[in-house]
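Colleague: For the first sequence, position 303 (counting from the first letter as 1) is numbered 303 according to my numbering, and the numbering increases by one without interruption.
Keep in mind that the hints were calculated from the coordinates and are not lab data.
Glycine residues also receive a C-beta, built at the ideal position from the N, C-alpha and C atoms.
Any given hint could turn out to be false.
To be verified - Dumping the calculated SDA-like pairs for lysine to any residue here, alpha-carbon to alpha-carbon at most 25 Å:
#1 Lys306 x Leu231
#2 Lys75 x Lys62
#3 Lys186 x Thr78
Said to hold, decoys possible - Computed spacing ranges between beta-carbons, pair by pair:
#4 Arg368 x Glu82: 25 to 35 Å
#5 Thr281 x Glu82: 17 to 27 Å
#6 Ala351 x Lys448: 38 to 48 Å
#7 Leu331 x Asp288: 24 to 34 Å
#8 Arg12 x Asp449: 50 to 60 Å
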Amino acid sequence: MAQIQFTNSLTRKKEVFEPLDPTHIRLYACGPTVYDYAHLGNARMAVIFDLLRNVLETRYEKVTYVSNITDIDDKIMTRAKETGKDISDITKLYTAIYNEDMAALGNRAPTIQPHATDHVAEMIAQIEQLIDAGHAYESDGHVLFHVPSFPKYGGLSGRSRDEQIAGARVEVASYKKDAADFVLWKPSSEDEPGWPSPWGRGRPGWHIECSVMSEKHLGLPFDIHGGGADLKFPHHENEIAQSCCAHGNEGDLSAFAKTWIHNGFLTVEGEKMSKSLGNFTLIRDVLDEGVDGIVIRLALLSASYKKPLDWSKELISRMEKMLKRIYTVILDTAEIGTIDLSETHKNDVLAALYNDLNTPQAFADIHRLLSDLERGDVSSEDKEVLRSELLLLCDTLGLKPENAENYLNKADASTLDKALVQKLITERDAAKQNKDYARADALRDELKDMGIALKDGPEGTTWERL
RNA sequence: GGCGCGGUGGCAGAAUGGCUAUGCAGAGGACUGCAAAUCCUUGUACGCCGGUUCGAUUCCGGCCCGUGCCUCCA
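Whole structure, please, built from the sequences with the hints as guidance.
Modeller: The following block contains the structure:
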């Protein structure tokens with residue numbers, strides 16, 4: 001049996017994945033702060049962890065995938081002020097949009113999608129634990145995590161505390177004992193959202209919600225914690241500090257999550273796609289341009305998850321071709337059955353994905369299967385196996401092979417008169433029979449104007465949308 | 001300034017101490033009334049300089065270049 005391997009950011013090595021509990025795999029990925037439309041960077045993270053979940057499910061019966069919604073944050077408060085809307089209206093709206101966009105990309109909903117505002121009591125409890133353990137202190141209405149109390153701080157991002165201070169570009173707030181200390185709780189003014197707490201009315205800092213929600217829904221330690229590479233520091237570093245220190249695990253960074261997986265970000269013309277540079281693309285905009293969500297998914301999986309991925313029109317058009325080919329072959333071979341593959345056989349088919357989610361290799365495997373399925377010198381028994389392998393790979397990658405027909409005939413869903421198309425094809429066939437090629441070509445042009453491409457094959461003429 | 005990542009053929013992008021990645025684009029051929037699709041064949045690589053080795057794109061060192069994090073960010 002091929003072993004599943006992932007690159008663990010905590011050890012900076014590719015490691016064989018060994019579940020804490022083989023009967024139940026537990027996975028957490030940091031989800032979005034909901035104050036705006038999601039962009040392709042959010043999409044990359046979601047697609048990669050959805051794939052990771054699929055891959056784990058091919059080997060383990062139960063996988064719990066938790067991905068949160070952060071619905072209390074200063075950015076949301078700012079947005080509320082700007083628009084004059086209620087905070088809860090904003091978070092509800094953008095949570096719904098996020099989930100719609102993720103579904104369009106072929107992602108399944110997480111097993112659990114906890115909301116930060118439903119966990120304030122647990123956050124307060126954990127902050128109290130940290131104060132009791134001597135890792136946090138109250139100051140001027142704030143509660144801060146005292147970084148010097150945790151000598152192993154910085155182990156994930158690989159930077160010592162001194163290095164951070166040397167490079168710090170932030171002004172050190174007066175209420176901090178140490179420049180590296182970070183906020184667990186902060187006071188809210190009357191017009192700001194807040195919850196009662198032992199330190200007065202206030203709201204949580206940015207990192208505590210993930211520590212609390214992952215622990216509550218998965219238990220500690222859990223198998224895999226992930227997110228975008230830019231969360232490594234400070235977000236994930238601080239999560240580790242909170243969770244390890246709240247439970248007396250100061251000596252073991254892996255007492256929170258065993259394996260850390262970070263995806264690389266998207267670039268545009270070589271530069272990071274980011275809000276500050278203004279070069280980000282919303283998922284919604286790409287979908288509105290008519291690009292299928294599964295095409296976006298393919299594009300996001302076209303490079304190793306760890307590396308930067310450059311977003312371009314050319315990438316989309318390549319992936320459109322690839323998806324069309326996959327779906328076409330699946331439909332063309334529809335009359336060929338499938339067989340149940342043995343566990344060993346499935347392992348071989350999924351070997352690329354088991355090897356640190358090597359999606360480019362999986363794409364190469366798909367291309368090989370497509371070619372073999374279209375060759376004339378392959379027996380139908382062999383094709384039955386090949387087709388089974390192809391469907392397994394497509395399912396695991398989340399490519400929705402069951403949507404093949406719908407995708408290829410998309411035009412007929414709305415405006416197209418299917419009967420008229422068939423009538424014109426029949427007319428053209430008659431014209432061809434009579435060697436009236438001028439008439440046949442005129443009919444082809446007419447259909448082309450309707451958005452229909454004809455394909456003459458040995459079994460007759462078929463059509464698809466342009 | 002500190003820490004990290006990467007430099008592969010026209011483009012995108014993997015693996016690998018010696019043997020074809022794959023895809024897109026290009027060239028030639030088959031098929032086709034036309035068109036599309038498909039199939040067959042095919043060219044072009046491994047940033048620079050040293051080292052280790054029988055042999056390095058792959059390991060080690062130096063250099064150059066690009067890029068990311070250190071501040072909200074997937």
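Colleague: Confirm or reject each hint.
Modeller: Against the structure, the hints come out as follows:
1. Lys306 x Leu231: 14 Å, holds
2. Lys75 x Lys62: Status violated; Cα separation ~36 Å.
3. Lys186 x Thr78: 16 Å, holds
4. Arg368 x Glu82: 25 to 35 Å: Once the Cβ atoms are compared, 52 Å apart, the range 25 to 35 Å for Glu82 and Arg368 is violated.
5. Thr281 x Glu82: 17 to 27 Å: 22 Å, holds
6. Ala351 x Lys448: 38 to 48 Å: 43 Å, holds
7. Leu331 x Asp288: 24 to 34 Å: 27 Å, holds
8. Arg12 x Asp449: 50 to 60 Å: Given about 58 Å between the Cβ atoms, the range holds.
The structure does not agree with the numbered hints 2, 4 stated previously, though it agrees with the rest.
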